[in-house]
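Residue-level listing of the chains:
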Amino acid sequence: MIDTVRPDEIASLLKKQLEGFAPHAEQYETGIVLSVGDGIARLQGLPTVEAGELIKFDGTAEVFGLVLNLDEDNVGVVLLGDADTIREGDVARRTKVQASVPTGKGLLGRVVDALGNPLDGGPAIVADEMRRIEVKAPGIMERKNVHEPMQTGLKIVDALTPIGRGQRELIIGDRGTGKTAIALDAIINQKGKGVYCFYVAIGQKQSTVAQIVEKLRAHGALEYTTIIMASASMPAPLQYLAPYAGTAMAEHFLYNGMHALIVYDDLTKQSTAYRQMSLLLRRPPGREAFPGDIFYVHSRLLERACKLSDKNGAGSLTALPIIETQAGDISAYIPTNVISITDGQIFLEGSLFNSGVRPAMNAGTSVSRVGGDAQIKAMKQVAGSLRLDLAQFRELAAFSQFASDLDPATQKLLARGQCMTELLKQSQYKPQSAGTQVAVIYAGANGFLDNIPVKQVTRWEADFVEYLASKGNEIPELIEAQRAINDVVKPKLEEAIRSFNAGFKA
Amino acid sequence: MSKAAPRYARALFQALQAEGSLAASRPVLEALGALSPDLVSLLDDPTIALPKREGALRTSLGNPGEDTLWGRLVTLLSRKRRLGLIEEICRITLEIERSEAGVVDGTVVSQSPLEPAVVARLEGDLSTSHRKVHLTNSADSSILGGFRVKLGATVLDATINNQLQQARKVLLSA
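Keeping their order, the protein sequence lines are chains X and G.
Using numbering that gives the first Met the number 0, the letters of the first sequence map in sequence onto residues 0 to 505.
Using numbering that gives the first Met the number 0, the letters of the second sequence map in sequence onto residues 0 to 173.
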């Protein structure tokens, strides 16, 4: 085989590739490293460097830095690579490039770092375009109100805290309360709905991210999802940049009239990384040692999620930021900040999770400020009474241990509340269509389960969902087509429930 | 670099300019600006009595009178215990003078020493109506050919090494 390769062929190939190449003298601006350590370098020189610009260190390895501090006599730079290769006195040069990442459909199904470099061992990323990591969020005139549902496939979320395309809905709770599970279910539920998903893993173990990738692959969700990973072992600047990089990748779809969903898992770790960088850059610490601009770090990120007007292509970017609380304390600095920025929150409670209520969403403290606009009419019809039932149940829950001494009306309310709580439980990785959700909640909210023992409700729900899917009665499809429980849907739905109940053995 | 030295240097430059003795003082500035680090550390040494250190500096300046500019400068530095700054002050004063005159000092690095005519031509090409470039030539055997000029923080890289890097980028991206 080697005999067939001729030197003149190689030479002609090289010549062809170098056609049009004109070597030229290059002019660039340099700076000298004054000090380096803890992922931060201080440089003298670079008089016209811009904040947010990438600079390249002339060392043995290609290491880039991101300019964050422009001081009077030096420049503060965070290192985006191996800091061990950089020494005092090394030269760094301006690239005149603001930090940017590759974007486009070539990223789908891939695992990349905060700079868009592949981490999955796959081929190089084929990008449609490069987008700047930091851009200004669209203004008011470029947007329109959030009005299309972005269903998560979880009954309790879609019924009580509906999320619309372009909304920012915070998922907040202690560790191990199912925050990531909700986000993953939301991603899995986007299959076939034309929503491109981005999962930004910040400060997580690489093994955890590997499991998430496999779960998404197993459910056929990886083909429309990009994972942006800045694991716990990566430098703090990459953990800080990852959400912005993920947003830049998602914005390609937003600005091209498509729909995207981005999950930031989690912003607590991103703020910790930013705090580390800021303290090392000697920026003054504020509350909980976070720098003064920590609110702006999150607000400018989340403001980029929006629904664009028809004139601008009507694309959308939905954001699901995740915040981890300590002992359920939502009044800490970062949780209050992000709660105030987002359009609502899904509050998960450890006590609910441990008592088997999963998703462990607290229906009282969870809200969606977009509200009914992000629901189909049918869901609005059933969710109204559901919210009331649950609110009344919460008020009376304290008396539930005296159930036998209570009057029949109160007992009925308690029983309904318990039934609905059971009905809203849902296993992970089993998202349901809007039609199925409406049918199930309709049955519970309209007393069709009053004769079913509470302990049997979960089994009833599982069987009923299977019945709806296998029987071929097309009830879920009919609900989704009609989008309301009207005279066409109602008799058929009630007939289906009665028919199923007749055959259900409690 | 001391933060105080540039302020003293700017003040000294303005005073010398106002007095019209800038050109006459240049040899003194050059001599003090090239003081060895050992001498500078002696001027700052707290184990030597301050009048002795002040006297040494006055002697090196040819014992200027108290009413002269240099005499007043030494008194001020002694009172502020900043005698060790004299080397930095003089060096920066010279830099300010060159900068005010539009002279920019730079280096040109090549594989072997360049002919003076070539350096002069480069200086002419890089000079403009507002700035006069003065280059110092040095040799670096790692350069394959061409030259690299450094003016302040700006680098003009016309080496063969750089052109090969450009070709490498083109081939890798093809």
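There may be inaccurate statements among the hints.
List of simulated lysine-lysine pairs, DSS-like, C-alpha gap at most 25 Å [to be verified]:
id	chain 1	residue 1	chain 2	residue 2
1	X	LYS95	G	LYS149
2	X	LYS55	G	LYS149
3	G	LYS168	X	LYS55
4	X	LYS190	X	LYS429
5	X	LYS310	X	LYS135
6	G	LYS168	X	LYS15
7	X	LYS424	X	LYS504
8	G	LYS2	X	LYS95
Some but not every residue of chain G turned toward chain X, in silico, with C-beta under 8 Å [what the hints assert, rightly or not]:
id	residue
9	GLY19
10	ALA22
11	VAL154
12	LEU155
13	ASP156
14	ALA157
15	ASN160
16	GLN165
17	VAL169
Sample of chain X residues lacking proximity to chain G, with all beta carbon distances greater than 12 Å (derived) [unchecked claim]:
id	residue
18	ALA24
19	GLN43
20	LEU351
Calculated from the structure, these hints are not laboratory results.
Remember, it's a predicted structure, so these values are computed and weren't measured experimentally.
The C-beta atom is built at its ideal place from N, Cα and C for all residues, glycine as well.
Any hints from earlier that this structure breaks? Give me their numbers in increasing order, please.
8, 9, 10, 15, 18 and 19
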